[in-house]
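The task is simple: from the sequences and hints, build the whole structure.
Chains as they are written, first to last, in the numbering used here: chain A, 1 to 889; chain B, 1001 to 1889.
Don't read these hints as lab results, they were simulated from the structure.
Yeah, the Cβ is synthetic: ideal placement off N, Cα and C, and Gly gets one too.
Check each hint, because a few of them may be wrong.
What the hints assert, rightly or not - Derived coverage of chain B by chain A (criterion: at least 3 residues anywhere in the stretch with Cβ under 8 Å from a Cβ of chain A; other residues may be distant):
| no. | segment |
| --- | --- |
| 1 | 1348 to 1360 |
| 2 | 1660 to 1674 |
| 3 | 1692 to 1701 |
| 4 | 1794 to 1801 |
| 5 | 1815 to 1823 |
There are 2 protein chains.
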Amino acid sequence: MTKWVYNFGAGHNEGRADMRNLLGGKGANLAEMSSIGLPVPPGFTITADVCTAFYDNDRKYPDDLKAQVDAALAAIEQAVGLNFGDHDHPLLVSVRSGARVSMPGMMDTVLNLGLNDVTVEGLAKVSNDPRFAFDSYRRFIQMYGSVVLGVDHHRFEEIIEHAKMEADVIEDTALTAQHWRDVVEGYKDLVQQETGKPFPQDPHVQLWGAVGAVFGSWMNPRAITYRRLHDIPAAWGTAVSVQAMVFGNMGNDCATGVCFTRDPSTGENMFYGEYLVNAQGEDVVAGIRTPQPLSASVAKPGEIPLEQAMPNAYAELMAVRSTLEKHYKDMQDIEFTVQQHKLYMLQTRNGKRTAAAALRMAVEMANEGLIDEAEAVMRVNPSSLDQLLHPMLDPKAPRTLLGKGLPASPGAACGTVVFNADEAESRAAKGESVILVRIETSPEDIHGMHAAKGILTTRGGMTSHAAVVARGMGRPCVAGAGGISVDYNSQILAAGGKFIRAGEVITLDGATGEVFVGPVAMIEPAMSGDFGILMEWADKHRRMGVRANAETPMDAETALKFGAEGIGLCRTEHMFFDPERILAIRQMIISNTDTGRRTALARLLPFQREDFRQLFTIMAGLPVTIRLLDPPLHEFLPHADQEMQDVADSLGTDVAIIRQRAEELKEANPMLGHRGCRLGIAYPEIYEMQARAIFEGAIAVAKETGKAPHPEIMIPLVGMKKELDITRAQVDKIAAEVFAETGTTIDYSVGTMIELPRAAMLADQIAESADFFSFGTNDLTQTVFGLSRDDAGKFLPAYVEAGILVKDPFVSIDIEGVGEMVRIGVEKGRKTKPDLKLGICGEHGGDPASIAFCEKIGLDYVSCSPFRVPVARLAAAQAALGSATDRTA
Amino acid sequence: MTKWVYNFGAGHNEGRADMRNLLGGKGANLAEMSSIGLPVPPGFTITADVCTAFYDNDRKYPDDLKAQVDAALAAIEQAVGLNFGDHDHPLLVSVRSGARVSMPGMMDTVLNLGLNDVTVEGLAKVSNDPRFAFDSYRRFIQMYGSVVLGVDHHRFEEIIEHAKMEADVIEDTALTAQHWRDVVEGYKDLVQQETGKPFPQDPHVQLWGAVGAVFGSWMNPRAITYRRLHDIPAAWGTAVSVQAMVFGNMGNDCATGVCFTRDPSTGENMFYGEYLVNAQGEDVVAGIRTPQPLSASVAKPGEIPLEQAMPNAYAELMAVRSTLEKHYKDMQDIEFTVQQHKLYMLQTRNGKRTAAAALRMAVEMANEGLIDEAEAVMRVNPSSLDQLLHPMLDPKAPRTLLGKGLPASPGAACGTVVFNADEAESRAAKGESVILVRIETSPEDIHGMHAAKGILTTRGGMTSHAAVVARGMGRPCVAGAGGISVDYNSQILAAGGKFIRAGEVITLDGATGEVFVGPVAMIEPAMSGDFGILMEWADKHRRMGVRANAETPMDAETALKFGAEGIGLCRTEHMFFDPERILAIRQMIISNTDTGRRTALARLLPFQREDFRQLFTIMAGLPVTIRLLDPPLHEFLPHADQEMQDVADSLGTDVAIIRQRAEELKEANPMLGHRGCRLGIAYPEIYEMQARAIFEGAIAVAKETGKAPHPEIMIPLVGMKKELDITRAQVDKIAAEVFAETGTTIDYSVGTMIELPRAAMLADQIAESADFFSFGTNDLTQTVFGLSRDDAGKFLPAYVEAGILVKDPFVSIDIEGVGEMVRIGVEKGRKTKPDLKLGICGEHGGDPASIAFCEKIGLDYVSCSPFRVPVARLAAAQAALGSATDRTA
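Set out below in structure tokens:
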């Protein structure tokens, strides 16, 4: 015989905390609390298997369920000395749903079940409080009526409002027993009228009605949608817990409350919670009366803490708190009720917390010996670290929303609106805080983005230029705010009838994507010592290296500060937009001879050499991976007429030539165009100049410091082994030249990005010519999905919303598709070279779920933007510790 | 002991025709001919293994090689009764290279080896012809000097020219023995001067020099490049054949000639060849004297056929011809020499032939019983069929080249130049033959392309819009002629200093990519009965179906005529560019409400329904696969200012709205943008309209003909199973509606293109929702390589030329990368549904090598443009017969 029902309480606990899959979170924890001696009213849990059987068997219960429920109910009756449906001493119960994970859309709770027109009189008599009895009855009808019978809950509230109007009172508490009797009559009429049937009087009918409503709600549309979005199998089902009622609303020696074993906002080790005297659970959250604090130490004048009102119950609760933390080894979120000075525990679960609190609690609990360091590392959600590293809006500050975009780069920023990069730079130079507002940004805007406190764009997605660059710089950014329009001519920003002119102030919240009118008060990040401690523990436990994507000395220094162990991606093209350099680049592009291009490149050489010299110096002793020129040449040419004229003037050439070259270089699909190693093959002089700059820079550092850097030179967009052979030969040739010229030889590696499906499929061949691979999962995502990240903004959000995609694949790696391609690349690469060094340098290198995947397939390191380095360190540690990152909320 | 040397001739033949890998083509066939009793001068072949051993062993010969060569040489001496280096009766030999495949760049032939200052006198004496002897000696020095010693061959020719000037004669034949003695002296001085050493006098040194030159040429740069481009392993090596000389230049009873056992141009079963009296082999091809015909029946007045000049040798040759064809069962290309009325065979091999000849010979040989039908099918190169289906330029017609582009669509066309589609249409309507010249074409040019006799573009590759559409229409097209410039304003086409104005005539050769000034005479295709017979035989032997990519009734009819077994791809968007329809499409695009879009689509419905009704009627009983709308919406909007204004006027709206919508829809990478099923998901009304048109059209045909079509509805660009689920549900919903409305139900399938790497990787999931897959290898090639076909023209040709890519992957499927992805898709799809119907509908569906791959991985059918259907039928048959398509040249 299958066991469908598990008792708990009154010394007979058939469940345990680890039976959450069978009993739901609530049921499992009630049994567990009872087992460790905490005061839990007795009850039983109908297992989630019943739910599954119910749906597998055409919505019929297992034959032997009723008998098991009857037996369990009898056990409660015996434990509390009351009988279900008894006219004089009626047992009342609560019925609650409980799946293995908390799930909105499910029926939640029905209290006071067992009351009817007869038992309510018994309750009135035995409690000697008719008002309590009828208030309880009306609460029951209201809850049961709305959640089981489907009557709109507003209709019930109208009846109370009507009663208060008639009685000429304002508060519910002013209603008398008779008033509640009348309300009960009104409720019953309403139910009859809405459902065509009288309110059920038989407690057993009530019970099975409530149980059926819980199981029924498992398949309601909201629950189905939620499960689809969160990949929860319908087969998990939900459990139902039935428990003897205790009453917090039986008089002034009764109370009900919720509390956390530590402060969920700060993590401080203090008891945090609130309670109401003479109330039932839902009153605490309803906000009709003001809850009071638990501890005397935090009570404000006029407040009556539980410690003072009910000292015994308080003392007992403090003991419970300590027991629970020791038992669960985590901060608990507790519900309790005091009935006539006696404490009862109704629920416990791991409490939700802020990032700061999670961090502090993890470190403190480890220091207290409650958990070990590895467990502490597992306790902090890596993604939440972002909150700790950037300024935040003060949650209490007033604000006016202008519009919303994508939370492209975390942190808050406040400043005057400017619409172009030059102005941003010049105003910032005068000490002004500015927000750079653009329809979209391009590499030419980088100096303005750098000068700005924050960036707002109205086009583009999470991996648009603005978003990627802003994250790299640690600048808050709201991207693709489609509801906001930008008019460069009139210098106005408009949304929903509000207009912001250039020079007026806005505030961005890069963590939520919100844009506010005017300034909003902010809280600066407090990098507590706990942060450093946790990071140290994380570093002890991780296997993968963490590097940063960085080009500038500032980026490199930031990366080092955050604990990066080298540079995983230095995008050399980002070094070309400085005004002194862009001219030489453009000169190279418009040259149509090899000689002309070499002349222009010769002008760039000293700049590039100095770039690399600085990076090698900062990253002393750490690896630096330098990617040779990647983007198509047209990205470096101006497009507006005036800009073209300016460039023509600077280069002393005819604007027609610039225009013609720009026209020639135009591409239908630049992402799939003449870029990456295809440039290096068409114009060998480009990679040769870059290789020379790298070797000369490295040798300069070797001579200055006596310690030679080991440059890792990376060829982008390889799809065929021969492409790597040809470009690698260019690099080797220059290396030999520079070594001969300088009389110094250094070690270097040449590897490739694996960022095309073909490269992954043929990684075994490509590995023959590569010293390392770095998976460029940004571009790989674009090609595997056939999805341009610049254009995806138009439909990708709708895809995520409709559940076609669970997550934006540019944010978190698509494990089934893109990930599988990476896995193939790893397998084939290592087949050829078992010790091939493997990393990832796409945006995914800073995403915890993606990092867990990288650990699983055995990469050697991840590389991410400098500000994501702590996130990556923690995520890598958690991945190594082999557990899911969603263990804490 | 390894056998390094194989004798042939004089009754001792150690080789056979099937030992081509070891003995090379020449050596193997010499032995074979000798074995079957044909008159072959005795000789021996040094195996290709010696070449391999030579390179494996630091360019040293195997120790025992010399002894084996000496023995073989002795066998020749004995057979012919002459001795190598003998002063009175010297044996002379030829030395020839011979790899298993014919390979340019290799050393070819040295004749008369064994002559020196002494033996030449012996030869003069024994032949009683000093002029012959010294002519032979100077020929030997000239050949040996240039190919073995590396002296520029022009330097030798200068000496002859000088001698002729001094002698005051014009023809070589007028030089006397003394003149040739002087030339020999001059040659020897030249060799001394150029090499610093005297010309080698020792015949053995000469022999090893020539053998070494053959092996050395295996590793010369031209040979290496050729091998790289043709995937020939260096390890194959080359063989060397050494053979006793016979002399066609020993007097007027001597001759030399080349012939084919059938006419290689027409395939006619007649003896075809030419000869020269008193000449050596190279004189026939040198063109100094006019060769004479072999047979009397084809001799023109004044010509002296061999049949008349040497009737016995001719009769013997006729017998040889018959023996060889019966033995080799294929048309042979023969070299012979007659020495003093005695016939000697010097070479035989399968002869190269035109497409027409290959076809005729294959059919006739099968009818003669020489080969069977399957072998006949294998004998014709499918790609060559194109030549038979289109007009060709008359090879004899004079022509002036203007420039060259890609051979984008075969056939020749001649007409007046027009620069826009409307004008092409209006002039063509008046009966004028026009060539449409565009920088590149777009869907808006289709009516003009259709009206034109041929299309020329200056941009774009083999799969550019112009190329794809032209092939589909069977219009000759030269694409991407980068050396030709087009100026729309001045209406001038310019290249290399030549200018062609609008209205002037040009001629295109779509098979070579050449563009000629003015008209060039053409030959119309003669679709002989042989073609039909061979196609029937091919159909008997193929496993895969062959369908066509077709949208218009004309395309569908052409496809049927060429033997298509259904439509594999009907691209519905091609139906939208008709002026009546494009307006409705544009109205839909600029509507920003669901209702507005539905109204516009309702106007399109009757057109689409009629489209499908016609296709179903033409394709009665055959499957029709219809792909729902695929391209991004901006492809349907105008881009030029005036056009925008016109559209605004037609739609009665403001041009600003058109402009804004065009701006909104603009994409950075349209290939990776909002297209395919992403449109169907964003705007369900589009696919719903198309589905309705399909079902209503099909039901109309069912009612008219009593036979219901079975539409196969294909969803493009699916990357996730849910995309297919959603769009499939749209189709099913409309099917149910139409079936209810009409009271008629028909069978239909819903499937998807597999054209994204992700779709291939997750084909197992996608197959759950698909009735069929059609591999869209055009787009798959773009995403697997990260290569836009619109932009690839800038560097792909250079890649192919440099051998980075062996073939343009848009023309012939990249088996290692794209093909592997398709293979994975097939494997995963069939894992879920073992009987899943699988086809291919990219351009590769008409490429023989790709078709062979499709056969190998088990696809059910290929689909290609109507004009490629015969090619595909033949290629599919050859693939099924399990042999390489390059079996005949």
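Evaluation of the provided hints:
no. : hint         : result
1   : 1348 to 1360 : violated (count 0)
2   : 1660 to 1674 : holds (count 8)
3   : 1692 to 1701 : violated (count 0)
4   : 1794 to 1801 : holds (count 4)
5   : 1815 to 1823 : holds (count 5)
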